[in-house]
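Top to bottom, those sequences are chains A and V.
Numbering-wise, the numbering used here comes out as the position in the first sequence, counting from 1, plus 238.
Numbering-wise, the numbering used here comes out as the position in the second sequence, counting from 1, plus 238.
You may find that some hints are simply not true.
In this list, chains with the same sequence are indistinguishable; a pair is considered to hold if it fits within one copy or across any two.
[Unchecked claim] Subject to a maximum C-alpha distance of 30 angstroms in a straight line, what follows is the list of computed DSBU-like cross-link-like pairs (lysine-lysine):
#1 K244 with K479
#2 K493 with K347
#3 K478 with K278
#4 K320 with K497
#5 K501 with K339
Worth flagging that the hints you see were computed from the coordinates, not collected in a lab.
Number of protein chains: 2
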Amino acid sequence: MRLFNKVAIVGVGLIGGSIGLAIKKRKLAGEVLGISRRSKTIKAGLKRGAIDRGFFDLSIASEADLVVLAAPVNSIINTGRKLSAVIKPGALVVDTGSSKKEIVAALAKILPGFVGAHPLAGSEKQGVINAHADLFKGSLCILTPTDKTRKHALTKIRRFWVQLGASVICLSPSRHDKLVSCISHLPHLVAFSLIHSIPRRNLFLAASGFRDTTRIALSDAGLWKDIFLTNSHNLLDALKKFKASLSRIQSAIAKNDPKALEKILNQARLKRASLNKK
Amino acid sequence: MRLFNKVAIVGVGLIGGSIGLAIKKRKLAGEVLGISRRSKTIKAGLKRGAIDRGFFDLSIASEADLVVLAAPVNSIINTGRKLSAVIKPGALVVDTGSSKKEIVAALAKILPGFVGAHPLAGSEKQGVINAHADLFKGSLCILTPTDKTRKHALTKIRRFWVQLGASVICLSPSRHDKLVSCISHLPHLVAFSLIHSIPRRNLFLAASGFRDTTRIALSDAGLWKDIFLTNSHNLLDALKKFKASLSRIQSAIAKNDPKALEKILNQARLKRASLNKK
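With the rest of the complex left out, here is chain A (with noise of 0.2 angstroms):
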């Protein structure tokens, strides 16, 4: 089902590489324009037949009527900001940002079409040659609308993620950045901590476990940098949480106490395996 005629993509990594093969799997749009710095991601863009033409200049952006903005944080910004100048009027634009205050705060007033959108899908792998065309399948897309966002941009983004697979729901970006700065940037922050702090030594042992746990240590340092910055409040406040609850047990083991100690732990485990039910 086609919703627009020419969507451009800028950044064609995993997520914007991803989106361009959903776009011509499920013929969602006529054309599949890819915006990116460098000629090698174009090059592998063209090849994996996730955009059909690509430029390095933004300009191009001019013949879309919906832009993506797939790349970190910043560049959202910055790029969503030239785009101002560049966009046709009633053009749509969605970003892909795992942070979304900041984003929105910066691009809403400029980008009359603009909706922010966090799909929560990806993988550690980069790049668009680790891109598929389901990836979004059976995911969430959580979309921040602010009271000025048009309602007909909305209604044709959310049917674009729905198109792509993903269910959708619409949180305000304040409450947005809050919930995923524990579900998801707390997470990334232990695990590359924990990385952190074991002696290169000491990899040799590692079993399963450590791999899965740390496995999100792998994501775009780059990219992450991006997110915790602009999320700092409340990625600082659920690390105050983390810390209390680290606390908790470290108490517990210090004081020898195996009663408090399995009580904690299994409160944890039940609170983990209520999400398998789902």
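Fit chain V to the given chain A structure using the hints.
Just chain V now, kept in the frame of chain A:
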């Protein structure tokens, strides 16, 4: 290749059951006797074919030329003590506990054929129902002999684990406990803490990253309570280092220092990536 006439497995859970299945598959013993307090476990072990006969009472272990203690750490110590009054002269004993210093200190003196072992295999899934004959295939098993360990016992126990499919290394009990405190016990503590710190109402947003990072928090609370408390000194030390890493990242975020933050994250990413090359 038959190594033993009769093997008695005390604790027919995931690990004990998998050892039974592996022994049967590879014909390493003439008969496998299962010992458990619970009739449900014995029934399940018989049904899975992990044991040939099941018993509630430890006295049957007098028939065995190898006794495998596959229970939580404190049960291993308690059962090992009782075993010393029952076991036949010359019989070997091996355990599967995840901390070794306390177990070896308690049992090496009273069980002359004892060799401590820690198979780095397993799963958050519990019970003989999840056991399988190839659980140890490609895994690492750490043996923790002391200067009192009989040479033929070590040789035969090593051969046993190799036959189960594991690579075997030897470490002293205290070296073992130090190494696994950071590579296995700390990640479990972190996963339990992470789940503990997250409001239950936010769990609906959990995506694959969160699920993987906290998967090991599905592990048995009683089992891990024992492990944490019998390796508390090393674990608290590892936790201190982990908290220092957390604080370094926290400080870079609080200072809004993108350069320092990206550097730490990237160091961690590269260290984690080095694991995948093995």
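We went through each hint and held it up to the structure:
1. K244 with K479: Intra 46 angstroms, inter 52 angstroms, cutoff 30 angstroms: neither.
2. K493 with K347: between (55 angstroms within a copy, 28 angstroms between copies)
3. K478 with K278: Neither: 42 angstroms inside a copy, 44 angstroms across copies.
4. K320 with K497: For K320 and K497, only the inter-copy Cα distance (25 angstroms) is at most 30 angstroms; the intra-copy one is 59 angstroms.
5. K501 with K339: Between copies only: 25 angstroms across, 38 angstroms inside.
When the structure is compared with the earlier hints, violations turn up for hints 1 and 3 and for no others.
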